[in-house]
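Just need the whole structure built from these sequences, with the hints factored in.
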Amino acid sequence: MNRARIGGMGIAVLVILASGCSSIGVEPWERDILAKEEMQLTTDPVEAAIDDHIYFSKEASSGGRGFGGGGCGCN
Amino acid sequence: MADNTPKSISAALAAATCSLLGTAPATPVQAQEEPNWEFNTALLYYGENDDRVQDLSLNILARRLFVDDRSLTLGLTVDTLTGATPIGAIRQNVPQTFTRPSGSSAYTVPAGELPLDDTFKDTRVAITAAWEQPLGRLWKTSVGFSGSQEYDYTHLGLNGSLSRDFNARNTTVSAGLAVAHDTWDPVGGAPLPFAPMLDVGDTGNKSGSETKDVIDTVIGVTQVISRKLLVQLNYSFSNSSGYLTDPYKVLSVVDGTTGDTVPRQPAPGAEGPSHEFRFENRPDERSKHSLYGQAKYYMGGKVLDASYRYMTDDWDIDSHTLDLRLRWPLVESHYLEPHLRFYTQSEAEFYTISMVDGVELPRFASADYRLGKFDALTAGLKYGWKTRGGKEMSVRAELYRQNGTIPGDLLIGNQVGRETYPDLDAIIVQFSYRFSR
Amino acid sequence: MKLYRLRHRSMRTWLAAIAAAQFLLFPWAPDAVSAEFGIDQYEGKVVVLDFWASWCVPCRRSFPWLNAMHEKYADEGLAIVGVNLDMERADAEQFLQEYPAMFTILYDDDRQLAEQFEVVAMPSSYVIGRNGKVIARHMGFKVKQQDDYESVIVDALREPGNGDE
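If you read the sequences in order, they're chains A, B and C. For what it's worth, this note's numbering labels the leading residue of the first sequence as 8, then goes sequentially. For what it's worth, this note's numbering labels the leading residue of the second sequence as 2, then goes sequentially. For what it's worth, this note's numbering labels the leading residue of the third sequence as 24, then goes sequentially.
Possibly wrong hints are sitting among the right ones.
[Said to hold, decoys possible] Just the calculated beta-carbon pair ranges, DEER-fashion:
hint: 1; chain 1: C; residue 1: S174; chain 2: B; residue 2: V79; range: 45 to 55 Å
hint: 2; chain 1: C; residue 1: E182; chain 2: B; residue 2: L305; range: 47 to 57 Å
hint: 3; chain 1: B; residue 1: R402; chain 2: C; residue 2: Q168; range: 52 to 62 Å
hint: 4; chain 1: B; residue 1: R402; chain 2: A; residue 2: P52; range: 19 to 29 Å
hint: 5; chain 1: C; residue 1: S174; chain 2: B; residue 2: F436; range: 37 to 47 Å
hint: 6; chain 1: A; residue 1: P52; chain 2: B; residue 2: G113; range: 36 to 46 Å
hint: 7; chain 1: C; residue 1: Q168; chain 2: B; residue 2: K392; range: 29 to 39 Å
hint: 8; chain 1: B; residue 1: V79; chain 2: C; residue 2: D170; range: 37 to 47 Å
hint: 9; chain 1: A; residue 1: D59; chain 2: B; residue 2: Q266; range: 39 to 49 Å
hint: 10; chain 1: A; residue 1: P52; chain 2: B; residue 2: T388; range: 13 to 23 Å
hint: 11; chain 1: B; residue 1: D186; chain 2: A; residue 2: D59; range: 34 to 44 Å
hint: 12; chain 1: B; residue 1: V332; chain 2: C; residue 2: M110; range: 49 to 59 Å
hint: 13; chain 1: C; residue 1: S174; chain 2: B; residue 2: R71; range: 18 to 28 Å
hint: 14; chain 1: B; residue 1: D285; chain 2: C; residue 2: Q168; range: 45 to 55 Å
Note that these hints are calculated values from the structure, not bench results. Note that the Cβ used here is the ideal one computed from N, Cα and C, for glycine as well.
Structure below.
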């Protein structure tokens with residue numbers, strides 16, 4: 008598959024998701040479970056960095072993981 | 002509490018007032034009850050089979066919290082690496098001698114063994130610093146720096162990110178950018194592309210140091226699906242340019258019919274390679290696209306973390322990664338966390354086992370097993386607990402296994418049956434300690 | 024000195040403008056709000072309605088400030104009502120053991136109050152003037168903006184009961 012097309016598709020998917028997601032979700036007071044430490048996208052940044060480094064050294068792929076979002080949604 | 006009568010504020014207030022009367026009057030709580038510092042430390046041991054790489058590392062992350070969700074995170078990693086790594090040359094039925102990268106001595110590999118270079122005793126120090134803060138109510142930003150130094154490699158990088166919440170913070174859109182400038186200062190100098198391995202003391206095949214520039218971008222959407230389900234989808238693009246070759250890896254030059262490595266005589270009185278070897282050469286540019294999805298699902302106390310990543314690049318490598326973790330709470334704040342990771346990649350377009358003697362040189366070639374075709378499986382278990390003082394500790398042990406295949410069309414003559422992918426078996430043990438003050 | 028007073032005055036104007044804008048932009052019918060909430064309880068008082076939950080860290084940060092406001096202005100007619108939105112009552116009660124509240128706590132079990140006030144952030148606080156109308160809404164709690172929050176309360180306390188906002 009053409010690389011540029013994959014890039015374009017990737018961005019298109021994300022834009023569609025972001026705009027189409029306006030009705031999905033929970034009320035601000037329903038985020039008790041999402042606020043728990045074990046429900047964060049990266050529960051242990053040191054372990055994630057260690058794993059990323061190991062697999063980067065032994066494989067041809069790296070990264071991909073993102074950041075932000077989820078949690079208690081406070082402030 | 003099953004009072005289903007229509008909301009009566011007065012009644013509710015009365016009940017609320019009762020609860021207030023029940024508590025003894027207390028002095029107002031002091032404002033700064035939150036910790037100022039969060040520390041996250043880990044000690045890691047990584048060890049491969051057959052005298053290959055062993056790594057011991059100490060990782061420390063210290064986060065200083067400031068008022069209103071601002072923070073400074075400082076990280077330090079110190080690793081010591083020992084052990085040997087496959088240099089890319091194929092096995093032979095006779096002993097083989099190689100000149101070390103420094104060019105100052107040679108070493109011999111017994112017949113039938115996979116050639117490994119054990120000059121890798123190295124210490125690496127890496128530091129990171131990041132500042133995060135909200136911008137207004139709905140935006141968040143971070144800026145950071147990363148740097149690392151080992152005896153032959155320096156990395157310097159800057160990164161930044163921006164994110165914005167939508168839909169009462171159910172949706173978060175984020176974007177990140179990282180740039181890096183790395184320098185290779187290989188022992189003995191970077192070899193010229195496809196330069197032959199020369200006798201001890203002969204440095205005509207080497208030049209000096211080389212640099213590499215990397216740009217990484219990521220955009221993502223995080224979406225709360227329900228009270229118990231959170232998902233994230235990211236698209237990343239990475240471009241590397243400059244010196245992307247591994248300066249220590251070689252390819253065996255073989256006879257086009259037998260597939261055996263062409264023998265060689267060092268100069269009279271000198272030590273040197275017993276066979277013909279050429280240093281590898283990779284393109285000076287690489288673009289990678291990745292699509293990554295992650296879901297966290299709460300199941301009555303247990304949390305399932307599942308992620309999938311698809312990567313494709315212009316070296317023709319495609320990979321799929323599936324990572325599954327299940328946090329299983331036990332009594333008090335103890336938990337068990339089994340982990341499974343499945344990985345598969347296809348070989349790079351210029352990946353090969355050997356170079357045929359007398360044939361025109363290809364543009365690029367590498368026999369580095371990490372660019373080959375293989376599957377990998379990680380299986381691990383982590384056990385965590387909270388101490389009486391509120392500190393968190395955990396220990397994890399994992400097994401990592403790589404199983405590769407050499408595409409049939411790359412094997413020539415006697416190589417068939419003799420050459421196999423250098424399968425990797427590694428053990429990972431980590432002890433973690435987290436606390437705040 | 025002069026510079027400080029000027030800044031303070033323009034901030035108050037800014038806050039009043041925001042309050043007015045929110046008032047106009049959001050389809051709250053002030054009278055309906057007053058009636059349902061049972062504002063008659065607090066007739067003539069300035070009410071701060073603060074929506075919180077035990078798992079919300081900024082809510083935890085706001086408690087000392089709410090307690091301080093209660094201590095300072097209760098005599099002048101300030102009534103603070105902490106509306107709890109925990110899913111489990113036990114979590115709220117445990118929180119209150121660790122972080123006691125000097126002000127009234129209300130448990131909004133069926134979320135009627137939260138929906139009525141269209142709570143879109145945690146914590147959210149609404150300042151209701153002596154005349155029963157909502158003067159201001161604050162989404163989130165920023166320690167650095169405590170003084171601004173306080174000045175909104177002080178201005179509300181200065182207004183007489185039947186005044187027009």
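Range hint 29 to 39 Å: satisfied by the CB atoms of C:Q168 and B:K392?
-> With Cβ atoms ~34 Å apart, the hint holds.
Could one say that the CB atoms of C:S174 and B:F436 fall in the range 37 to 47 Å?
-> Holds, since C:S174 and B:F436 (Cβ atoms, about 39 Å apart) stay within the stated range.
Is 36 to 46 Å right for how far apart the beta carbons of A:P52 and B:G113 are?
-> Because 45 Å falls inside the window, the suggested range holds.
Does the Cβ-Cβ separation between C:S174 and B:V79 fall within 45 to 55 Å?
-> Between C:S174 and B:V79, where Cβ atoms are some 51 Å apart, the hint holds.
A:P52 paired with B:T388, Cβ distance criterion 13 to 23 Å = 21 Å, holds
Does the Cβ-Cβ separation between C:S174 and B:R71 fall within 18 to 28 Å?
-> 23 Å, holds
Distance restraint hint 37 to 47 Å, applied to the beta-carbon atoms of B:V79 and C:D170 | The hint (37 to 47 Å, Cβ to Cβ) holds, given that B:V79 and C:D170 are roughly 45 Å apart.
Could you say whether the range 47 to 57 Å given as a hint is met by the Cβ separation of C:E182 and B:L305?
-> 54 Å, holds
Falls inside 34 to 44 Å, the C-beta gap from B:D186 to A:D59?
-> 24 Å, violated
Evaluate the given range 19 to 29 Å for the C-beta pair formed by B:R402 and A:P52.
-> Taking Cβ atoms as reference, B:R402 and A:P52 lie about 26 Å apart, which means the hint holds.
Could one say that the CB atoms of B:R402 and C:Q168 fall in the range 52 to 62 Å?
-> 55 Å, holds
Cβ separation of B:D285 and C:Q168, checked against the hinted range 45 to 55 Å | Between B:D285 and C:Q168, where Cβ atoms are some 52 Å apart, the hint holds.
Comparing the model with each numbered hint stated earlier shows that hints 11, 12 do not hold.
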